[in-house]
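Number of protein chains: 2
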Amino acid sequence: MSDVKGAAALRATLVYNLGTLGALASDRFADRVEELGLKPKHAGLLAALDAGPTASQQELATRLGVAPSLIVALADQLQELGAVERVRDPQDRRRQVLNLTPEGRRLLTRCTEAAEATDAELTAGFTEPQRAALTHALRTLGEHHTPN
Amino acid sequence: MSDVKGAAALRATLVYNLGTLGALASDRFADRVEELGLKPKHAGLLAALDAGPTASQQELATRLGVAPSLIVALADQLQELGAVERVRDPQDRRRQVLNLTPEGRRLLTRCTEAAEATDAELTAGFTEPQRAALTHALRTLGEHHTPN
DNA sequence: CAATATCGTTCACAGCTCGAATGATTCAGG
DNA sequence: CCTGAATCATTCGAGCTGTGAACGATATTG
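For the record, the sequence lines run as chains A and B. FYI, the numbering for the first sequence is 1 to 148, going by the working numbering. FYI, the numbering for the second sequence is 1 to 148, going by the working numbering.
Read the hints as simulated data drawn from the structure, not as lab findings. Be careful, since some hints might not be right.
[Said to hold, decoys possible] DSBU-like mimics (lysine-lysine), calculated; alpha carbons at most 35 angstroms apart, straight line:
| hint | chain 1 | residue 1 | chain 2 | residue 2 |
| --- | --- | --- | --- | --- |
| 1 | A | Lys41 | B | Lys41 |
| 2 | B | Lys39 | A | Lys41 |
| 3 | A | Lys39 | B | Lys39 |
| 4 | A | Lys39 | B | Lys41 |
All of these numbers come straight from a predicted model, not from anything done at the bench.
Using the sequences provided together with the hints, build the complete structure.
The following block contains the structure:
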């Protein structure tokens, strides 16, 4: 396209902005849920459990894009917090089904509140149409990349 | 707003989508620049050097939001690739000014091409208005969070 | 009833990033 | 001038994350 790729060529890129802003947003969200004893990945796991009914940990691993061993660690910590309980699947006793407890649901709503607060902080100074456009654009992009 | 925070409440959040999509995009970008011997942070440093004229490494650290010691490591590796040269600032001989070499500029354009390819991959199946809306929304969000 | 595959789990390890300590240089004040 | 404090780049040790290779238990296939 352009012979002399100008200064801001990389910065104008979608992936550049997604990467930097994603890291920034995740850091701020991490600060907020830290007092709950959680990290962003814990929140992601809680959300995944709340979304689908009950999946195997392997499914969860691929859905979250992490190694199965990490699911084990996350589930361990969530179990210590009383947010999750492990139940052997009677149909297949190899499987440990992860169930959200009431405490887990409570924690998830706390996470959602933290996320919404972070959203407000990030989009401070935005007009409402701007905010809507951003949310909508990201949601459509997300829908194109959920492993369904 | 909602009494029983439904399933997709957290997933509908801005910070959730930014975080997951940012990580996804960064991973794909990392795959592409790996063969150049670079990681995303190297590309970020190259872009920062190309943008402003010549900043101190401390400035670069705060601009990229990382520790000064990390700038040293990144600069070391870029120097080994011949992409950057260190020059003592005559005005203040404590400062090591980082200069982009022609090879550095060449690498930067390669990174930009990789980023654009990743963009195309991410937005495959998008209409042109959709792509434009996404780019524009992210750019405005980014402008609100650059430390200027 | 084997042989093989799959599930969750454990464990050792590599990679990334930070923070404190260090030496060199500059600056402020008397 | 000269001395003490501040600032720069750098080195080094340590913490935290996440992965991949084992392993035991269970399921499935022929």
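Hints and how they fare:
Distance hint between Lys41 of chain A and Lys41 of chain B is fulfilled; the C-alpha atoms sit about 22 angstroms from each other, no more than 35 angstroms. Proposed proximity of Lys39 of chain B and Lys41 of chain A is supported: the alpha carbons are some 23 angstroms apart, at most 35 angstroms. With a CA separation close to 25 angstroms, the supplied pair Lys39 of chain A and Lys39 of chain B stays within the 35 angstroms bound. Between Lys39 of chain A and Lys41 of chain B, the direct Cα distance comes to roughly 23 angstroms. Compliance with the 35 angstroms bound is thereby established for this hinted pair.
Consistency with the previously given hints is maintained throughout, with no hint failing.
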